[in-house]
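Colleague: Generate the whole structure from the sequences, applying the supplied hints.
These protein sequences, in sequence, are chains A and B.
FYI, in our numbering the residues of the first sequence are 2 to 277.
FYI, in our numbering the residues of the second sequence are 2 to 277.
There may be inaccurate statements among the hints.
[What the hints assert, rightly or not] Simulated restraints on C-beta separations: (1) B:Lys229 <-> A:Asn186: 31 to 39 Å; (2) A:Ser250 <-> B:Asp38: 52 to 60 Å; (3) B:Lys183 <-> A:Glu226: 28 to 36 Å; (4) A:Glu202 <-> B:Lys28: 39 to 47 Å; (5) B:Glu139 <-> A:Glu152: 19 to 27 Å; (6) A:Glu226 <-> B:Lys85: 48 to 56 Å; (7) B:Ser251 <-> A:Asn117: 45 to 53 Å; (8) B:Glu271 <-> A:Thr3: 52 to 60 Å.
[Claimed, not checked] Quick list of in silico lysine-lysine cross-link-like pairs, DSS-like style, CA-CA up to 30 Å: (9) B:Lys258 <-> B:Lys31; (10) B:Lys110 <-> A:Lys71; (11) A:Lys71 <-> B:Lys28; (12) B:Lys71 <-> A:Lys85; (13) B:Lys71 <-> A:Lys71; (14) B:Lys110 <-> A:Lys45; (15) B:Lys45 <-> B:Lys265; (16) A:Lys85 <-> A:Lys71; (17) A:Lys78 <-> B:Lys110; (18) A:Lys169 <-> B:Lys183; (19) A:Lys110 <-> B:Lys180; (20) A:Lys183 <-> B:Lys169; (21) B:Lys180 <-> B:Lys110; (22) A:Lys258 <-> A:Lys272; (23) B:Lys265 <-> B:Lys85; (24) B:Lys180 <-> A:Lys169; (25) A:Lys28 <-> B:Lys71; (26) B:Lys45 <-> A:Lys110; (27) B:Lys45 <-> B:Lys14; (28) A:Lys45 <-> B:Lys45; (29) B:Lys85 <-> B:Lys258; (30) B:Lys71 <-> A:Lys78; (31) A:Lys85 <-> A:Lys45; (32) B:Lys169 <-> A:Lys205; (33) B:Lys205 <-> B:Lys258.
[Claimed, not checked] Far from chain B by the CB rule (all over 10 Å, computed), these chain A residues: (34) Gln10; (35) Asn187; (36) Lys272.
To be clear, the hints were calculated from the coordinates, so they are not data collected in a lab.
Only a predicted model underlies this, so the values are computations on that prediction, with no experimental measurement involved.
In this text, a Cβ means the ideal position worked out from N, Cα and C, and glycines have one as well.
Number of protein chains: 2
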Amino acid sequence: MTTQQLIQQIQQKKSFLCIGLDVDLNKIPKHLLEFDDPIFEFNKAIIDATHDLCVSYKPNTAFYEAYGLKGWQSLEKTINYINKNYPEIFTIADAKRGDIGNTSTMYAKAFLEDLNFDSVTVAPYMGKDSVEPFLAFENKHTILLALTSNEGAFDFQTNPEVSGFEGKELYKSVIETSKTWKNSNNLMYVVGATKAEYFTEIRKIVPYSFLLVPGVGAQGGSLQEVCKYGMNSNIGLLINSSRGIIYASSETDFAQKAREEALKLQQEMEKILKSN
Amino acid sequence: MTTQQLIQQIQQKKSFLCIGLDVDLNKIPKHLLEFDDPIFEFNKAIIDATHDLCVSYKPNTAFYEAYGLKGWQSLEKTINYINKNYPEIFTIADAKRGDIGNTSTMYAKAFLEDLNFDSVTVAPYMGKDSVEPFLAFENKHTILLALTSNEGAFDFQTNPEVSGFEGKELYKSVIETSKTWKNSNNLMYVVGATKAEYFTEIRKIVPYSFLLVPGVGAQGGSLQEVCKYGMNSNIGLLINSSRGIIYASSETDFAQKAREEALKLQQEMEKILKSN
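Modeller: Take a look at the structure:
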């Protein structure tokens, strides 16, 4: 999918919502456990109930790997279901991969070609040759971890003790350096919503890039704040919500309740889009 | 496996060799492709031929994920085969994972509990709460990326522009900070062999920790140099070789040739151990 197609979808749906499909068998409605593949049944119901309110789905691969072979099968079925039935959706494999060149190529191929996701999240620690193999895929996107929404983000990403010249924090160095890599136009960035004050700084470095923003809702970030400082003329934001939507109910009405939560966010987003 | 058991194994086998099982269907002998699971057949033959010369096997998970479900099946069969037949071997899932706390817990469970690896490699960028869930497993080990063997290591890990107080490079901050984390005694570190001059610096920070050293052989590092600067009184090193051993031949004699290459390294290691 091209960035232009993503922007068009956002304008049509009046939404820049991404729904995180982080499926935990302990949290899904009990009646689904009778199915042969409860994870896929859960995802299918959530997707069917919310696809017109969001522009993106983001399965975190850890939740699937945790169930071994069966989990990978559920992931495959989920991405295939989305690609077949809702091809307009921007799909994100939240895998946070990154390795030496030839190994990153294997990961890139697995997620962007074989599973046919539109994008994959990648960790920056190993630098240029660990990320460029992901960037080589045309009309696919690499979402680089820049500023994450967890407490540990302060350990290195924003820690003044590991800041360089003129007090430049690591997350800024990561974003700046990544702009020099080959096919860097295929880059997006993960920027946690819990630190809205950082969006101004990041927009100085990458005014035009899309930012994937976790941490709205369960992790405490404010949608209004993020949009105020992070939005650009092409919107440039994908706001992720996982638990707040998919676990809105643990009863048989879970898909309907998920829709209601997604609708609340979509309506808030529509208001923000109108007022800009 | 406890660190003490690993040290005992090193002393018994007179080897601190780790063999990387990075299996690529394009590189293995053609006759294996007739088997139902060529990757497992290849691994089984390599393991049977080398298990007395090495103390560790390290499958890089990317190579297995690249083959989807079948790849995961090969990985499961490989780790089960090692655990059943050679329980003294220290197994490493080279997965380079790392995510927010509850998600890292999923990864840790998948690799350390379900697949029952002795250790897993983890990326440090997301900090403390992304690593501690791995450290929580008793007698399991978390091998943190510190200084990798690829060119991109210079982008952030050793880059003076992202060095902090008194010019401290990022890789040093990562190692120092990690020592303050809960159960940090379960930490080991990835330190690339292409930069032997850094071992002295690292040993000032973690004199007693085990270091997993990729990059000897194909990537150009020298075993002698690494041992000179990196070895401690408990050896404290696991030297990885992948391609140089497992692809020594692409004919039916591949396992025998792999043994010969492993033997060369083991004998070099035995000499080094004697002279210390």
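Colleague: Now tell me, hint by hint, if it's right for this structure.
Modeller: These are the hints, each one checked on the structure:
Between B:Lys229 and A:Asn186 the C-beta distance comes to about 45 Å, which lies outside the given range of 31 to 39 Å. Evaluation of the 52 to 60 Å hint for A:Ser250 and B:Asp38 yields a failure: the beta carbon distance comes to about 42 Å. For the hinted restraint 28 to 36 Å between B:Lys183 and A:Glu226, the CB-CB distance of approximately 32 Å keeps it satisfied. Taking 39 to 47 Å as the suggested C-beta distance range, the pair A:Glu202 and B:Lys28 conforms, at roughly 45 Å.
At roughly 24 Å, the beta carbons of B:Glu139 and A:Glu152 sit within the given window of 19 to 27 Å. Under the hint 48 to 56 Å, the C-beta atoms of A:Glu226 and B:Lys85, about 54 Å apart, fit the expected range. Our hint of 45 to 53 Å for B:Ser251 and A:Asn117 is violated, since their Cβ atoms are close to 31 Å apart. Between B:Glu271 and A:Thr3 the beta carbon distance is about 58 Å. The supplied range of 52 to 60 Å therefore holds.
Simply put, B:Lys258 and B:Lys31 have alpha-carbon atoms about 16 Å apart, close enough for the 30 Å limit, and the pair holds. Of the pairs offered as hints, the one joining B:Lys110 and A:Lys71 holds, with about 15 Å between alpha carbons and a cut-off of 30 Å not exceeded. For the suggested pair A:Lys71 and B:Lys28, the alpha carbons sit about 28 Å apart, so the restraint of at most 30 Å is met. Restraint check for B:Lys71 and A:Lys85: satisfied, since their Cα atoms lie roughly 23 Å apart, inside the 30 Å limit.
For the hint linking B:Lys71 to A:Lys71, the alpha-carbon distance of about 12 Å falls within 30 Å, and the restraint holds. With a CA separation close to 26 Å, the supplied pair B:Lys110 and A:Lys45 stays within the 30 Å bound. Simply put, B:Lys45 and B:Lys265 have alpha-carbon atoms about 21 Å apart, close enough for the 30 Å limit, and the pair holds. For the given pair, A:Lys85 sits about 21 Å from A:Lys71 by alpha-carbon distance, which is consistent with the 30 Å threshold.
Proposed proximity of A:Lys78 and B:Lys110 is supported: the alpha carbons are some 23 Å apart, at most 30 Å. Straight-line distance between C-alpha atoms of A:Lys169 and B:Lys183 comes to about 29 Å, which keeps the hinted pair within the 30 Å bound. Of the supplied pair hints, the one linking A:Lys110 and B:Lys180 is violated, its CA atoms being roughly 36 Å apart against a limit of 30 Å. Taking the CA atoms of A:Lys183 and B:Lys169, the gap is about 29 Å. The hint holds against a cut of 30 Å.
Using a Cα cut-off of 30 Å, the hinted pair B:Lys180 and B:Lys110 holds, with the two alpha carbons roughly 22 Å apart. As the CA atoms of A:Lys258 and A:Lys272 are separated by approximately 21 Å, the hinted pair is consistent with the 30 Å bound. The suggested pairing of B:Lys265 with B:Lys85 holds, with an alpha-carbon distance near 27 Å, which does not exceed 30 Å. Between B:Lys180 and A:Lys169 the alpha-carbon distance is near 24 Å, which keeps this suggested pair within the 30 Å criterion.
The suggested pairing of A:Lys28 with B:Lys71 holds, with an alpha-carbon distance near 28 Å, which does not exceed 30 Å. For the proposed pair B:Lys45 and A:Lys110, the alpha carbon gap of about 26 Å is at most 30 Å, so the pair holds. Straight-line distance between C-alpha atoms of B:Lys45 and B:Lys14 comes to about 20 Å, which keeps the hinted pair within the 30 Å bound. Distance hint between A:Lys45 and B:Lys45 is unfulfilled; the C-alpha atoms sit about 39 Å from each other, more than 30 Å.
Taking the CA atoms of B:Lys85 and B:Lys258, the gap is about 25 Å. The hint holds against a cut of 30 Å. For the given pair, B:Lys71 sits about 15 Å from A:Lys78 by alpha-carbon distance, which is consistent with the 30 Å threshold. Of the pairs offered as hints, the one joining A:Lys85 and A:Lys45 holds, with about 12 Å between alpha carbons and a cut-off of 30 Å not exceeded. Taken as a hint, the B:Lys169 and A:Lys205 pair is honoured in the structure, with Cα atoms around 27 Å apart against an allowance of 30 Å.
Our distance criterion of 30 Å between C-alpha atoms is broken by B:Lys205 and B:Lys258, whose separation comes to about 39 Å. Every C-beta of chain B lies more than 10 Å from that of A:Gln10, the closest at about 27 Å, which supports listing it as non-interface. With a least CB separation of 17 Å from chain B, A:Asn187 remains clear of the 10 Å interface cut-off, as annotated. Taking the minimum C-beta to C-beta distance to chain B, about 29 Å, the non-interface status of A:Lys272 holds against the 10 Å cut.
Hint check: violations occur at hints 1, 2, 7, 19, 28 and 33; the rest are consistent with the structure.
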